[in-house]
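Residue numbers (my numbering), protein chains in the order written: chain A, 1 to 377; chain B, 1 to 472; chain C, 1 to 98.
Do not rely on the hints blindly, as some may be mistaken.
Stated by the list, open to error - One side of the interface only, derived from the structure: several residues of chain A facing chain C at Cβ under 8 Å:
1) Glu244
2) Lys245
3) Thr246
4) Phe249
5) Leu298
To be clear, the hints were calculated from the coordinates, so they are not data collected in a lab.
The beta carbon of each residue, even a glycine, is placed where N, CA and C say it ideally should be.
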Amino acid sequence: MTERTRSDCDVAVIGGGLVGSAIAWGLAQQGQTVAVLDEGDVAVRPSRGNFALVWVQGKGLGLPEYAGWTKMSSDTWTGFAERLQEQTGIDVCYRRPGGFLPLLSEEEMERRAGQLRRLHNQPNVVRYDYEMMDRAAVAKEMPFIGKDVVGASYCPLDGHCNSLKLLRALHSGMSLSGVSYLPHHRVERIEPRDGGFRMVTASGDEVRSGKVVIAAGHDARRLAPMVGLDAPVRPERGHVIVTEKTAPFLNFPVGFIRQTDEGGVMIGDSFEDVGLDTTVRNGVTSTIADRALRIFPLLGKLNVVRTWAALRVLTPDGFPIYEQSTTMPGAFVATCHSGVTLAANHALALATHIAAGTLPDEFSAFSARRFHVPAVA
Amino acid sequence: MTDLKPRYDLAVIGAGPAGLAAATLAATRGLSTVLLDEQAAPGGQIYRAITRSPVRNPNVLGTDYWHGADLVGPFRDSGADYLPGAAVWSVSRTLDIGLSRDGAARILPARHVILATGALERPFPVPGWTLPGVMGAGAAQILLKTSGLVASGNVVMAGSGPLLWLLAWQYLRAGARIDAILDTTPRENWRQAMPLLPAFARSGYVGKGLKLLLEVRRKVKVIGNVSALRAEGDGRVQSVVYRQGNGAEQRLPADTLLLHHGVIPNINLANATGCAQSWDEAQRCWVPDVDGWGATSVEGVAIAGDGAGIGGALAAEHRGRLTALDALHRLGAIDRATRDRDAAPHREALDRALRGRDFLDALYRPGKDFRVPADDTIVCRCEEVTAGQVRDAVKLGVSGPNQTKSFLRCGMGPCQGRLCGPTVVEVIADARGVSPAEVGYYRLRPPVKPITLAELASLPKAEDEVAAVMHH
Amino acid sequence: MFQRLPDAGGERVSFTIDGQPAEALSGDSVAAALIANGVGACRTTPVSGAPRGPYCMMGVCFDCLVTIDGTGNQQGCQIRVHPGMRVETQNGKREIER
Ligand SMILES: Cc1cc2nc3c(=O)[nH]c(=O)nc-3n(C[C@H](O)[C@@H](O)[C@H](O)COP(=O)(O)OP(=O)(O)OC[C@H]3O[C@@H](n4cnc5c(N)ncnc54)[C@H](O)[C@@H]3O)c2cc1C
Ligand SMILES: Cc1cc2nc3c(=O)[nH]c(=O)nc-3n(C[C@H](O)[C@H](O)[C@H](O)COP(=O)(O)OP(=O)(O)OC[C@H]3O[C@@H](n4cnc5c(N)ncnc54)[C@H](O)[C@@H]3O)c2cc1C
Ligand code: FES
């Protein structure tokens with residue numbers, strides 16, 4: 001339709017959510033010419049509906065490489081945020097005060113302690129500080145905790161940002177770095193063409209590129225096999241509540257409760273397997289509210305301004321998939337369920353490797369081949 | 001307060017003419033019916049405070065207003081339960097109604113739901129419209145009806161549409177002073193409206209309307225063809241600056257500026273319930289999709305009155321009765337033939353009430369500069385986002401209001417887009433050079449009215465809903 | 001600036017605005033009662049600190065937010081004033097325990 005769509009580019013990124021935008025921005029900083037093909041205003045797009053944690057603790061039990069990958073992103077997030085701000089003027093409000101995961105019974109305490117111990121006992125796992133805190137220690141930081149709080153796990157690496165500002169900063173940065181952003185370009189087909197790729201959109205437009213990165217969230221499942229890749233992701237619905245703007249009182253992200261830079265208190269979340277359905281269920285948000293009040297009773301008077309449900313993009317084991325196609329080199333897939341936390345890695349590390357054309361060996365841990373182990377009957 | 005039944009055949013939300021008429025008919029014919037309204041007394045917008053207005057002189061508000069008493073009386077006798085002060089914050093697809101009253105939330109199940117949530121004044125974004133002392137004309141009318149309050153000092157009214165003239169007329173009757181009316185009706189609207197004039201001339205409104213208009217024009221300075229407007233002042237409005245056509249800027253002192261650009265459906269509850277909606281080019285607003293019985297795309301949910309497209313108070317009343325008859329039929333109380341037979345007189349009355357409407361729509365369509373404001377104008381009052389920021393987002397490739405919401409927060413505040421949605425859509429459409437229909441609207445979720453976290457926490461929870469949170 | 005019609009009927013209600021005694025008519029909303037008492041601006045916004053007053057009077061704009069009997073961010077136009085009510089104007093964001 002437009003002449004832009006015809007123009008060739010080094011890399012076409014399919015998906016303008018957090019994963020695609022971070023990669024596209026990073027590629028552009030590497031000097032690549034990039035086009036981002038995205039859907040329009042109404043789309044399944046968890047990048048607009050997430051909880052905005054840059055979270056480290058507890059991640060990587062079962063895949064030690066993921067613990068290291070997460071910690072690396074957390075460690076580079078400050079620099080990443082600064083670069084975005086320098087370029088776009090947008091402060092994405094990243095703060096790393098350390099995060100608490102509140103625990104409501106001795107049993108929860110033990111289970112959590114066990115999880116973290118096992119995580120840190122894995123061979124070759126990267127080490128970092130964390131602490132199991134009892135009630136008194138938590139109360140020292142947050143005297144207003146409810147009587148049901150038995151303790152918390154705490155990790156100084158945990159932080160949070162404003163993920164909507166992050167998405168906007170990435171888009172703004174893409175625009176400033178010359179990335180062509182193409183909304184209303186839902187890719188229906190990817191075909192290898194002349195050593196590169198040809199994307200055909202729902203409205204019949206075509207885009208040609210040297211490389212292609214599939215970062216299409218839930219649709220990666222359908223697109224990946226077109227270029228010899230596999231992304232067996234499924235949606236998992238999570239609900240979030242946000243309150244009216246309140247004067248700052250909560251200095252830490254507390255697992256599923258945090259105060260945003262704007263003042264609203266965000267409260268999550270839930271886990272349901274319901275397909276691509278983002279209907280809000282009042283009973284679910286009610287349960288979330290109830291649990292939040294056990295942790296911070298003083299939240300009770302706050303007005304709820306909005307609730308919503310968004311769909312996590314989940315692989316069978318919950319860990320990311322980053323992979324280059326062996327049958328059609330130049331085609332990559334990237335999907336994960338912590339696109340905020342990992343944004344720094346996607347923009348700085350992953351994009352650099354994609355620009356160079358190969359993913360280093362460390363990435364083999366994130367290959368979808370791990371799902372292809374023959375099932376044991 | 002009435003003791004509520006655990007479940008109703010029919011829940012009607014909104015006690016304006018549509019809701020009152022619907023609930024009265026349904027209850028009289030045997031459905032267990034509850035009427036919920038967030039106001040303290042019945043009447044909706046037009047008949048606000050009808051049962052208890054402190055305005056003693058009946059000539060001030062006029063006979064159209066007092067017609068409201070004819071609806072409230074039969075409603076009281078109908079056997080329907082009435083729950084005032086109840087804000088409905090959610091209607092689920094399973095027809096569970098979430099309401100909040102006196103700081104306590106609850107869920108009330110119904111077998112059928114009629115949304116009669118009416119209209120609100122179309123947002124009128126001009127520079128300075130957020131200053132204290134600038135209000136909607138409808139807001140001033142509410143102050144008059146419920147509290148016998150009229151603006152004093154320098155009073156300027158601005159905009160267009162029947163309600164603006166009605167308020168001016170009521171103000172004059174009340175002995176209030178109006179410095180000037182700044183009429184923003186674009187001259188070229190007459191060209192579009194003229195062909196529709198014959199039908200309007202045969203409508204019931206024409207005589208009444210003309211008389212009212214002439215009376216106001218005789219007593220108030222009316223400044224026509226106003227093409228630009230802004231409010232200025234330090235901490236509150238002190239003056240109004242305007243232009244006539246391409247003329248130079250003029251300034252009027254103002255302690256109160258009353259703005260009005262017609263009314264549009266209050267779609268928030270319908271939208272959050274999941275009812276499909278479409279852009280209405282003639283009325284330039286989003287309107288829920290309904291059939292001739294008010295039925296929406298959501299099974300069991302109907303809409304009556306101005307909430308399903310602006311038709312005025314009398315039309316609202318008749319549409320209320322039609323949706324009630326359809327509810328009776330759907331709930332098995334009457335067969336289709338009975339429904340159709342009993343509907344005939346109401347349908348006829350509805351047609352009569354709607355006659356001439358499209359003339360008003362065409363004549364009073366706000367000019368483009370008011371629908372698509374300049375860069376420095378705040379469009380989202382809650383988050384204080386300007387039209388210029390929305391345009392910048394469009395330059396980044398944003399194509400609709402849900403993405404501008406993410407990027408700019410416009411529509412994320414407590415009003416949930418009621419005061420910015422129409423403008424944001426018009427600004428995006430204009431910047432992209434497409435129709436608002438293509439741009440779309442906000443996707444809304446419950447609660448459409450705020451409830452406290454404690455109220456939310458108090459609601460019933462199904463086992464799987466608890467499991468979705470706790471057993472992970 | 002608003003004034004009451006001379007013949008407006010109803011009972012007088014005593015309440016306070018920011019601690020000062022004030023009077024309203026029974027049936028007034030809190031927002032109307034403030035306006036009747038010459039209080040045109042009832043809050044400053046949490047975003048820029050700009051002053052605001054009631055705009056719609058029908059519960060849709062949320063510009064009439066005030067603290068009522070110690071609870072912040074109440075919609076003044078949707079709540080009726082009652083005898084002894086303590087109404088306070090607001091500054092910016094609400095406080096967590098108010
Ligand atoms: C401020 C204003 C003043 C108006 N004045 C006049 C006038 O003087 N003359 C005239 O001809 N037309 C007037 N109109 C036009 C108006 O739309 C009428 O045509 C008529 O009132 C429409 O009737 P209705 O029954 O559809 O809705 P309404 O009369 O608007 O009634 C809707 C009712 O639903 C309630 N409601 C809405 N949402 C909820 C919720 N979530 N929970 C609980 N209750 C809810 C409202 O409180 C209201 O009482 C006015 C409109 C407005 C906005
Ligand atoms: C409730 C909830 C809370 C969360 N909290 C956190 C958190 O605190 N911290 C954290 O790190 N992560 C969190 N996440 C996860 C995070 O939101 C996701 O990891 C991230 O948004 C995924 O981004 P994405 O770009 O892969 O997917 P998406 O956001 O789905 O983006 C994919 C994009 O691709 C487009 N697209 C799809 N198909 C096509 C196609 N065929 N052609 C062109 N474009 C296409 C879509 O329109 C969309 O724009 C949370 C998720 C949820 C649901
Ligand atoms: S004045 Fe608009 S909500 Fe009260």
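Consistency of the hints with the structure:
A hinted interface residue such as glutamate 244 of chain A counts as satisfied when its beta carbon comes closer than 8 Å to some beta carbon of chain C; here the least separation is about 6 Å, so the hint holds. The interface hint given for lysine 245 of chain A is met, as the beta carbon of that residue sits about 4 Å from the closest beta carbon of chain C, less than 8 Å. For threonine 246 of chain A, the suggested interface contact is upheld, since its CB lies about 5 Å from the closest CB of chain C, less than 8 Å. Checking phenylalanine 249 of chain A against chain C by beta carbon gives a least distance of about 5 Å; that is within 8 Å, so the hint holds.
At its closest, the beta carbon of leucine 298 of chain A sits 6 Å from a beta carbon of chain C; the interface hint therefore holds under the 8 Å criterion.
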